[in-house]
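> As they're listed, the protein sequences go chains A and B. The opening residue of the first sequence carries number 139 in the working numbering; numbering runs sequentially from there. The opening residue of the second sequence carries number 7 in the working numbering; numbering runs sequentially from there.
Don't read these hints as lab results, they were simulated from the structure. Errors might be hidden in some of the hints.
In silico SDA-like pairs for lysine to any residue, Cα to Cα no more than 25 Å straight-line [what the hints assert, rightly or not]:
1. B/110 x A/164
2. B/47 x A/255
3. B/9 x A/152
4. A/193 x A/152
5. B/47 x B/21
6. B/9 x A/229
7. A/152 x B/46
Okay, the calculated beta carbon distance ranges per label pair [to be verified]:
8. B/30 x A/147: 29 to 35 Å
9. B/66 x A/243: 19 to 25 Å
10. B/100 x A/155: 14 to 20 Å
11. B/88 x A/154: 40 to 46 Å
12. A/148 x B/50: 17 to 23 Å
13. A/147 x B/63: 30 to 36 Å
14. A/242 x B/7: 23 to 29 Å
15. A/152 x B/18: 35 to 41 Å
16. A/143 x B/56: 22 to 28 Å
17. A/195 x B/9: 19 to 25 Å
18. A/195 x B/56: 35 to 41 Å
19. A/241 x B/20: 33 to 39 Å
Note that CB positions come from ideal geometry on N, CA and C, so glycine has one too.
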Amino acid sequence: GAVVSQHPSRVICKSGTSVKIECRSLDFQATTMFWYRQFPKQSLMLMATSNEGSKATYEQGVEKDKFLINHASLTLSTLTVASAHPEDSSFYICSAPPGGRMTNEKLFFGSGTQLSVL
Amino acid sequence: ELKVEQNPLFLSMQEGKNYTIYCNYSTTSDRLYWYRQDPGKSLESLFVLLSNGAVKQEGRLMASLDTKARLSTLHITAAVHDLSATYFCAVDRNSGNTPLVFGKGTRLSVIA
């Protein structure tokens, strides 16, 4: 079963609305989580690294005031798209390193959130 | 900066045919990952390649890694329609809690 839970799976909202996406690690602790964005028919691009108890680090070109990340606990990171606009419409995927889980996987991925801003 | 290049980006195959997808990367790495993505879905892990010369097979898919050439291949044998999807390779930036860097993906369409 899923080891990283991401909600909601789909959001449709009006321009100017703020949208919160949650990413939870199940049965393991994630001091770090990675947020990716995927535009239609494109690859996954890293947006930011979420660090428990400290500020997130953002990739070049990603507005930290628009994409607010809060990693308040060892199992939960949230991404808030502030005042979303149509150009923010995308598929957002969170991921977490496996922590203490016995696996060769580098990252566990959430199920993704399709954001559509009208 | 780590760069990951995949080719082809688009592939239309007839059922029953064989083909190979290539993944080149720009810096030293011993670990490479292959994923499948269906439309509207997240990533499904296919293969984890952890060392030079690694070869893994699952069904009609076989992946290999040559770290000296910085090349991985994903070979499709006797394609079937169910293999239609987008396939991504991804490389570690570094060991530890670091993100993966993805190739642009190969959109595979298997037609009858």
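> Are residue 152 of chain A and residue 18 of chain B spaced within 35 to 41 Å by their CB atoms?
holds, 39 Å
> Take a look at whether the Cβ-Cβ distance between residue 100 of chain B and residue 155 of chain A falls inside 14 to 20 Å.
For residue 100 of chain B and residue 155 of chain A the Cβ distance comes to about 37 Å; the hint is violated.
> Quick one, are residue 193 of chain A and residue 152 of chain A close enough, alpha carbons at most 25 Å?
violated, 29 Å
> Taken at face value, is the distance from the CA of residue 229 of chain A to the CA of residue 9 of chain B at most 25 Å?
Within the cut-off at roughly 22 Å; holds.
> Is the hinted pair residue 47 of chain B and residue 21 of chain B satisfied, with a Cα-Cα distance of at most 25 Å?
holds, 24 Å
> Against the range 23 to 29 Å, how does the distance between the Cβ atoms of residue 242 of chain A and residue 7 of chain B compare: consistent or not?
holds, 25 Å
> Indicate whether the distance between the beta carbons of residue 148 of chain A and residue 50 of chain B respects the range 17 to 23 Å.
Between residue 148 of chain A and residue 50 of chain B, where Cβ atoms are some 19 Å apart, the hint holds.
> Taking 33 to 39 Å as the stated bounds, is the beta-carbon spacing between residue 241 of chain A and residue 20 of chain B within them?
Since the Cβ atoms of residue 241 of chain A and residue 20 of chain B sit about 36 Å apart, the hinted range of 33 to 39 Å holds.
> Would the hint linking residue 9 of chain B and residue 152 of chain A be met if the CA-CA limit is 25 Å?
Outside the cut-off at roughly 36 Å; violated.
> Falls inside 19 to 25 Å, the C-beta gap from residue 66 of chain B to residue 243 of chain A?
holds, 22 Å
> Note whether the CB distance of residue 195 of chain A and residue 9 of chain B lies within 19 to 25 Å or breaks it.
Since the Cβ atoms of residue 195 of chain A and residue 9 of chain B sit about 20 Å apart, the hinted range of 19 to 25 Å holds.
> Can the restraint linking residue 152 of chain A and residue 46 of chain B be considered satisfied, given a maximum Cα separation of 25 Å?
holds, 21 Å
Of the hints listed earlier, those the structure fails to meet are numbers 1, 3, 4, 10, 18, in rising order.
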